[in-house]
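**Student:** Here are the chains, one letter per residue:
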Amino acid sequence: MSEAGVHALSVSGVHKRFGSVEALRGVDLTVEQGEIFGFLGPNGAGKTTTIRVLTGFIRADQGIAHVLGMETWGETVAIKARLGFLPDVVAFASGFTGQDFLNYVASLRGIRGRLPRRIELLERLELPSAALRRKVKGYSSGMAKKLALVQAMQHDPDVLIMDEPTEALDPLMRQELFAIIREAQGRGATVFMSSHVLSDVEEVCERVALIRAGRIVGTGSVEALREGKARTMEVEFRTPPTGALSIPGVEVLSREGTTWKLAVSGNINEVLRELGKHDIADMTYERLSLENLFMGFYSEGGGKELADA
Amino acid sequence: MLSVFTYTLRSHRIGLLSVSVGLFLMSLIIVYTFDAFGGLDALAELFESLPTPMTAMFRAQGGFGTSITSYIALDYRHPVYIIAGLAFVLSVSSGAAAREIERGTALMLLASPMARWRYLAAKIGVVIVGAVVIVTMSWLGSMTGTALTGVASDVEGGTLMLAQLNELGVLLAAGGIAMLLSAANSDGGRTVSVAAGILTVMYFLDFVGAIWGPAEPLAPLSIFYYFDPLAVATNGTTLLRDVVVLFGVAIAGFAAALVLFQRRDITR
Numbered sequence: 001m002s003e004a005g006v007h008a009l010s011v012s013g014v015h016k017r018f019g020s021v022e023a024l025r026g027v028d029l030t031v032e033q034g035e036i037f038g039f040l041g042p043n044g045a046g047k048t049t050t051i052r053v054l055t056g057f058i059r060a061d062q063g064i065a066h067v068l069g070m071e072t073w074g075e076t077v078a079i080k081a082r083l084g085f086l087p088d089v090v091a092f093a094s095g096f097t098g099q100d101f102l103n104y105v106a107s108l109r110g111i112r113g114r115l116p117r118r119i120e121l122l123e124r125l126e127l128p129s130a131a132l133r134r135k136v137k138g139y140s141s142g143m144a145k146k147l148a149l150v151q152a153m154q155h156d157p158d159v160l161i162m163d164e165p166t167e168a169l170d171p172l173m174r175q176e177l178f179a180i181i182r183e184a185q186g187r188g189a190t191v192f193m194s195s196h197v198l199s200d201v202e203e204v205c206e207r208v209a210l211i212r213a214g215r216i217v218g219t220g221s222v223e224a225l226r227e228g229k230a231r232t233m234e235v236e237f238r239t240p241p242t243g244a245l246s247i248p249g250v251e252v253l254s255r256e257g258t259t260w261k262l263a264v265s266g267n268i269n270e271v272l273r274e275l276g277k278h279d280i281a282d283m284t285y286e287r288l289s290l291e292n293l294f295m296g297f298y299s300e301g302g303g304k305e306l307a308d309a
Numbered sequence: 001m002l003s004v005f006t007y008t009l010r011s012h013r014i015g016l017l018s019v020s021v022g023l024f025l026m027s028l029i030i031v032y033t034f035d036a037f038g039g040l041d042a043l044a045e046l047f048e049s050l051p052t053p054m055t056a057m058f059r060a061q062g063g064f065g066t067s068i069t070s071y072i073a074l075d076y077r078h079p080v081y082i083i084a085g086l087a088f089v090l091s092v093s094s095g096a097a098a099r100e101i102e103r104g105t106a107l108m109l110l111a112s113p114m115a116r117w118r119y120l121a122a123k124i125g126v127v128i129v130g131a132v133v134i135v136t137m138s139w140l141g142s143m144t145g146t147a148l149t150g151v152a153s154d155v156e157g158g159t160l161m162l163a164q165l166n167e168l169g170v171l172l173a174a175g176g177i178a179m180l181l182s183a184a185n186s187d188g189g190r191t192v193s194v195a196a197g198i199l200t201v202m203y204f205l206d207f208v209g210a211i212w213g214p215a216e217p218l219a220p221l222s223i224f225y226y227f228d229p230l231a232v233a234t235n236g237t238t239l240l241r242d243v244v245v246l247f248g249v250a251i252a253g254f255a256a257a258l259v260l261f262q263r264r265d266i267t268r
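Sequence order for the protein chains is A and B. The first sequence begins at 1 in our numbering and counts up one residue at a time. The second sequence begins at 1 in our numbering and counts up one residue at a time.
Simulated from the structure, these hints should not be mistaken for laboratory data. Just so you know, even glycine gets a beta-carbon here, dropped at the ideal spot from N, CA and C. What you were told as hints is all true, and nothing was included just to trick you.
Which bits of chain B does chain A cover? Going by a derived footprint, with three or more residues having C-beta under 8 Å, they are: (1) 102-109; (2) 113-126.
Here are a few chain B residues that face chain A, going by a calculated C-beta distance under 7 Å: (3) S3; (4) Y7; (5) I266.
Computed list of chain A residues with no C-beta within reach of chain B, every gap over 12 Å: (6) G186; (7) V252; (8) S254.
Between the sequences and the hints, there should be enough to build the whole structure, so can you do that?
**Tutor:** Structure follows, in structure tokens:
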């Protein structure tokens with residue numbers, strides 16, 4: 001259910017310190033209702049801490065966070081009634097079968113009996129009844145992740161917050177999960193997912209935020225984030241240029257015989273035109289990896305808001 | 001909240017059953033040992049011959065009393081009773097918050113629309129119910145033993161129940177301390193060891209206070225100082241002071257745990 005004029009999620013100037021470690025240093029973030037939003041960052045950047053502030057597990061030292069207009073610490077119970085949550089670490093208390101666990105989690109929400117959405121999710125994520133009758137202790141990491149995904153979505157939440165949802169899933173299951181996420185969005189749900197896999201986020205998210213060392217360093221569409229960032233091009237010449245290669249927005253990183261490695265940040269058409277003047281045997285142009293994207297933001301320093309592409 | 005209580009009780013059922021049945025049998029056997037020692041006179045002689053540190057463990061420095069009721073009651077201070085009961089209480093308490101946070105099992109459960117204090121209150125409920133079951137089974141063991149040995153008419157069952165009420169106070173006070181530690185920590189193993197350490201020091205303070213004059217003023221700092229089933233049997237009633245202190249510690253510990261767990265960050 002959407003509410004007019006209310007952000008699905010908003011984080012404003014949030015700081016959090018654990019002892020001597022400053023985990024969050026003024027995080028600002030807004031996610032609109034019905035949006036699928038990706039939250040990217042390397043390990044230890046502050047993704048999980050931000051998520052735990054949003055889910056009311058952690059209280060911010062400074063700043064404030066809201067979910068559907070409700071303050072995450074003071075109104076956490078009301079928020080959780082409308083929230084589905086997948087934690088970064090999926091762990092189950094011993095003794096549960098998969099079915100027991102799902103029933104238990106549902107009962108904590110006051111839900112008893114058959115849940116049509118659960119049945120659908122179990123089928124689509126390929127968790128058969130035989131698996132649900134087994135103790136979760138014996139589950140593989142992939143099965144455990146699927147069970148955790150089902151518990152997060154079985155009650156059709158308005159807001160779904162997922163920390164590394166694709167981890168431990170095989171490629172087919174990732175695609176199925178993305179389809180489920182898109183369908184949830186179609187029903188009006190907001191999805192906020194963290195990941196360190198750019199391709200996953202790129203495939204399903206409309207907007208992303210990059211966090212580094214407790215600060216948001218970029219927000220926008222993935223393409224907007226890529227804009228202006230150098231990408232690596234490897235060119236094998238039949239006849240290498242004799243002098244320096246002078247193309248605007250191109251920097252020569254290395255030369256090994258006839259193979260040159262270039263950093264390309266300019267207009268690709270112009271670069272290709274200039275390179276076309278030479279006799280080329282082969283060429284590879286890599287998509288910008290998350291690592292390289294981060295390196296770009298690292299080198300820039302402070303935060304940056306990008307326009308949506 | 002009822003779901004959390006039911007699940008937690010179910011997950012500790014084997015431990016609770018083991019401790020309860022074990023203490024039932026222990027209580028039953030103790031009644032049989034009364035005749036094995038040779039009855040009241042022989043026991044009186046035996047206790048007089050025992051060194052003070054031995055009798056101090058049972059709070060029986062002045063003798064074991066003058067009835068089979070007092071003999072049974074003083075055995076409720078046997079270390080096996082204390083250790084078995086505390087093992088259950090510490091296991092539930094450390095698992096209530098600290099161990100679940102440490103293992104990461106708490107996150108999906110605490111993401112439900114339920115105040116955290118209610119979640120912990122359900123766990124406290126299991127500690128209370130478990131402690132009541134343990135002392136009830138201990139009492140039933142004593143009563144079964146007296147019935148089987150034909151001395152039921154010589155034993156004051158109500159008095160023994162009051163002695164077990166005194167033991168219930170000790171278990172709940174220990175539970176309150178352990179639950180507070182659990183609510184404040186994110187490491188189940190450390191919670192158990194710190195709680196066990198505190199209770200061991202308390203036991204030591206009570207024991208040393210009983211056998212060494214200069215340490216006597218420290219003894220009231222121990223919850224075991226307020227656990228005197230022999231006095232209950234001798235006086236026919238539980239000391240109000242003991243009840244107030246033990247249940248007061250329990251209530252304070254549980255209440256502080258609820259407040260702390262509601263306010264703390266859930267992070268490993």
